[in-house]
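Sequences and hints are given; from them, build the entire structure.
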Amino acid sequence: MTAYLANLATLAAIFGILAATLNVAVGYAGIFSVAHAVFFGLGAYAGAQLALLVVPDALLAMVVAALVAGGLSLCLALPALRVRGEYFVAASLGLQMMATTLFTEAKGLTGGMGGLVGIPRPMILGVEVPTLALALTALVLILLATWLMARGSFGRTLRAIRDAESAAEALGKNINAAKALAVAFACAGAGVAGALFALHMSFVNVESFTLDQSVLIMAMVIVGGTGTLWGPLLGAVLLLSLPAGLSFLPFIPPTEIGAVQQILYGAAMTLLMIFRPAGLLGDMRTGRKA
Amino acid sequence: MLFLQLLLGGLQTGALYALTACGFALIFGATKVFHFAHGASFTLAGYLFLLLWNNGHPAWLGVLAAIAVATGFGVAMERFVYRPIQRHEGGFFTVFVAAFGVSLVVQNLVGMWAGRGFVVADSSLSRATEVLPEVFLAPVFWVSLAVAAVLFLALGIFLTRHPAGVALRALSQNSDLIRAYGLSSHRLSLLAFALGSALAAPAAVLTAITTGMNEAVGHHVMLISMAATIVGGVGSLKGAALAGLSLGVAESVVLNFADPQWAEAASFVVLFGFILFRPSGLFGHAVAR
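Protein sequences, first through last, are from chains E and D.
Going letter by letter, the first sequence gives residues 193 to 482 in my numbering.
Going letter by letter, the second sequence gives residues 175 to 463 in my numbering.
Hints listed in this document are in silico derivations from the structure and should not be mistaken for laboratory results.
It is possible that some hints are incorrect.
[To be verified] Okay, the calculated beta carbon distance ranges per label pair:
{"hint": "1", "chain 1": "E", "residue 1": "356", "chain 2": "D", "residue 2": "338", "range": "50 to 60 Å"}
{"hint": "2", "chain 1": "D", "residue 1": "434", "chain 2": "E", "residue 2": "310", "range": "27 to 37 Å"}
{"hint": "3", "chain 1": "E", "residue 1": "200", "chain 2": "D", "residue 2": "294", "range": "40 to 50 Å"}
Given the structure is predicted, the values throughout are model-derived calculations rather than measurements.
Note that the Cβ used here is the ideal one computed from N, Cα and C, for glycine as well.
As structure tokens, this is what we get:
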């Protein structure tokens with residue numbers, strides 16, 4: 193039972209990181225990416241390959257994952273600088289679909305559908321550490337960074353861009369740099385989550401990095417509340433405990449749990465958007481233009 | 175001869191993509207709603223047709239029911255989801271997320287109710303005969319092309335000749351002016367949703383006859399319609415239809431050179447390229463975004 197709960201807590205922390213970093217792009221910068229799982233995947237593959245081929249050092253894996261994901265975030269930053277709104281959502285959807293195919297086909301790097309197996313347990317300086325502790329530390333650090341950023345001038349710049357791009361530009365803000373930086377931070381964070389995920393599961397394959405996963409992460413942010421500090425974390429915990437909770441209900445056949453779960457969070461997304469667009473923890477006044 | 179076979183197959187798929195893409199573009203152009211649940215209209219129409227057909231009902235009943243359910247779904251989405259969101263000035267992302275939620279619900283309900291995996295309506299229309307050496311064609315090929323051509327012709331006449339069609343085009347250009355002339359933009363939005371969703375139904379029925387449906391097909395159709403609308407140029411129905419046709423052909427012809435798993439990715443490479451280098455699409459006006 194403790195092992196079960198520890199596993200659930202680790203996953204909650206990992207998805208908390210994913211939701212919190214996506215929130216930086218969606219909630220603060222107004223960049224509505226539906227491709228977060230791509231960078232989660234990049235981080236996971238980078239971390240896994242490093243642990244398999246070089247050394248299973250957790251810190252190194254996370255740094256490399258963050259660098260790979262942050263570097264390739266340019267793929268997402270370029271359309272974000274060119275277009276807004278529906279066009280950007282379409283571009284990120286396109287990126288997600290291309291990446292899914294690449295992850296499946298680049299078998300040398302990703303193992304394809306079979307995935308990468310036997311990823312060694314994480315070490316720090318030669319001592320094995322539990323992934324729960326690692327994930328919680330990373331989550332706290334990322335929440336702290338988000339909080340500091342949101343309070344500081346960079347956070348204000350991002351919010352200004354989100355609410356009135358031309359006005360922010362007229363005030364002399366470097367919009368392109370701010371957007372690219374926000375995207376890089378969000379994607380690097382997703383990369384860290386990916387490395388943790390790979391080390392925790394000791395197995396990764398493409399099924400964890402599909403459009404469905406991106407939508408799940410997006411739903412976490414939306415349900416919890418975009419642009420808030422704790423909202424995405426609440427969303428992650430709620431949506432992750434959903435399948436666990438559902439499996440205790442006797443009248444749902446086990447084969448249908450996935451479908452019931454998707455129906456529930458689909459319905460939750462729609463109803464929230466109609467009645468409470470700012471999310472559970474969101475501020476009704478600022479949420480209207482999200 | 176494989177190339178010719180693939181090309182003909184692509185034309186058929188492309189004609190059906192063109193219909194759904196045109197429906198999506200009509201809705202997006204007139205109401206500015208990114209109707210991401212458009213694929214759900216397609217799924218519902220296809221599955222209702224399959225249900226009626228496999229229970230021995232005549233085809234015309236199935237087709238009418240499919241059109242009715244697609245139209246009804248589109249109108250209900252506008253009335254009960256998009257209108258309330260727009261009333262409190264929700265941004266486009268609010269609309270997108272709500273529509274995505276609905277399409278997830280529809281996909282999984284259909285999957286639970288009708289089972290997962292492919293179902294095909296067995297019909298004599300899909301029996302292929304050899305027309306040229308090593309080239310096989312089924313009657314459904316000609317039916318698809320004819321249906322698409324007739325519907326596009328009818329839609330073109332409606333949009334240019336009928337007062338309601340002219341008003342729809344006016345709505346897509348300037349919705350404030352529409353109200354100044356005393357026309358109800360709400361009623362016109364409902365019309366756009368009804369027409370656009372109805373266009374998905376024939377495509378769904380023909381898909382159900384040829385390749386069959388699975389519960390996730392709406393997803394793919396939606397992504398293709400969206401890609402075609404953007405590549406064709408937002409606001410241009412002709413562009414969306416043409417782009418839908420080319421995406422269908424490209425998806426099929428690419429099989430001549432590459433493995434099938436690259437087919438879908440190829441469409442999205444095209445979409446990504448267009449968004450980066452020519453966001454206004456083939457026939458669109460420059461977008462101020």
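Exercise for review: Run the structure past the numbered hints and jot down the numbers of the failing ones, going up.
Suggested key: 1
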